[in-house]
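A.B. asks: Sequence:
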Amino acid sequence: MRILIVRFSSVGDLVTLEPALRAYRHFFHDAHITFLTSTLGYGLYGDSDYFDSFIVDKGFVSTVNELRQNVYDIVINLQCTRRSHWFTFFAKKVKLINRSSSMLQKYCYIKPQTKSHTQVLNECGFSSDEVNSYVNNNAVVNLPV
0 MRILIVRFSS VGDLVTLEPA LRAYRHFFHD AHITFLTSTL GYGLYGDSDY FDSFIVDKGF
60 VSTVNELRQN VYDIVINLQC TRRSHWFTFF AKKVKLINRS SSMLQKYCYI KPQTKSHTQV
120 LNECGFSSDE VNSYVNNNAV VNLPV
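Note that numbering that gives the first Met the number 0 gives residue 0 to position 1 of the sequence shown, counting from 1, and the numbers run on in steps of one.
Just so you know, the hints here were simulated from the structure itself, not pulled from any lab data.
All values reported here derive from a predicted model rather than from experimental measurement.
Positions of the beta carbon are idealized from the N, C-alpha and C atoms, including for glycine.
Warning: the hint list may mix true and false statements.
Calculated pairs, DMTMM-like style, for lysine to aspartate or glutamate (alpha carbon to alpha carbon, straight line, at most 20 Å) [stated by the list, open to error]: (1) K94 to E65; (2) K91 to D48; (3) K91 to E129.
Distance ranges between label pairs, derived from CB positions [to be verified]: (4) G42 to N137: 32 to 38 Å; (5) G58 to K91: 18 to 24 Å; (6) S9 to D72: 26 to 32 Å; (7) S8 to N137: 32 to 38 Å; (8) R82 to D51: 36 to 42 Å; (9) R67 to S8: 19 to 25 Å; (10) I109 to R82: 16 to 22 Å; (11) R81 to T38: 18 to 24 Å.
Sequences are here, hints too, so could you generate the full structure?
C.D. replies: Laid out in structure tokens, this is it:
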């Protein structure tokens, strides 16, 4: 199974995302997980065992070309900006999960409620019992919103 997780943003957002990234690795322990991020995200997580590979955004066309080299079973868009939506649009994928808005919602200025990481894991096919058990057994009070 191939998973693509998309998140750029600021250092604070990337740092507070660590418990969620740990949870994604736990639930997809046998999957090949690629992280599409900025140079900052790569700097923070390049040495971690959460990801098997990285795509660092160095320009729209080259990033899309790199994305299209693989087919992803699940693409998880944690950023949900116009740029990240375009990347997920061009990625070859089976299933797309947006944490907040879809591309249409973003362009129509519709702001839906943001999903928690536990809801994203539920959409990936894991039961609430499985996710809650992980959270309770790993002293994670709450996965970051």
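A.B. asks: Confirm or reject each hint.
C.D. replies: Hint-by-hint comparison with the structure:
For the given pair, K94 sits about 19 Å from E65 by alpha-carbon distance, which is consistent with the 20 Å threshold. Taking the CA atoms of K91 and D48, the gap is near 24 Å; set against the 20 Å cutoff, the hint is violated. Taken as a hint, the K91 and E129 pair is broken in the structure, with Cα atoms around 28 Å apart against an allowance of 20 Å. For G42 and N137, the Cβ-Cβ distance of about 25 Å falls outside the hinted range of 32 to 38 Å, so the restraint is violated.
One distance hint, 18 to 24 Å for the beta-carbon pair G58 and K91, holds here, with the actual separation near 19 Å. Under the hint 26 to 32 Å, the C-beta atoms of S9 and D72, about 29 Å apart, fit the expected range. Separation of S8 from N137 is about 24 Å and departs from the stated range, judged on CB atoms against 32 to 38 Å. Look at R82 against D51: about 23 Å separates their beta carbons, and that is not inside 36 to 42 Å.
Distance hint for R67 and S8: a CB-CB separation of about 23 Å, consistent with the stated range 19 to 25 Å. Take I109 and R82: their Cβ atoms lie about 18 Å apart, and the range 16 to 22 Å holds. In this structure the hint that R81 and T38 lie 18 to 24 Å apart at CB holds, the actual value being about 20 Å.
Against the hints set out earlier in the document, violations occur for numbers 2, 3, 4, 7 and 8.
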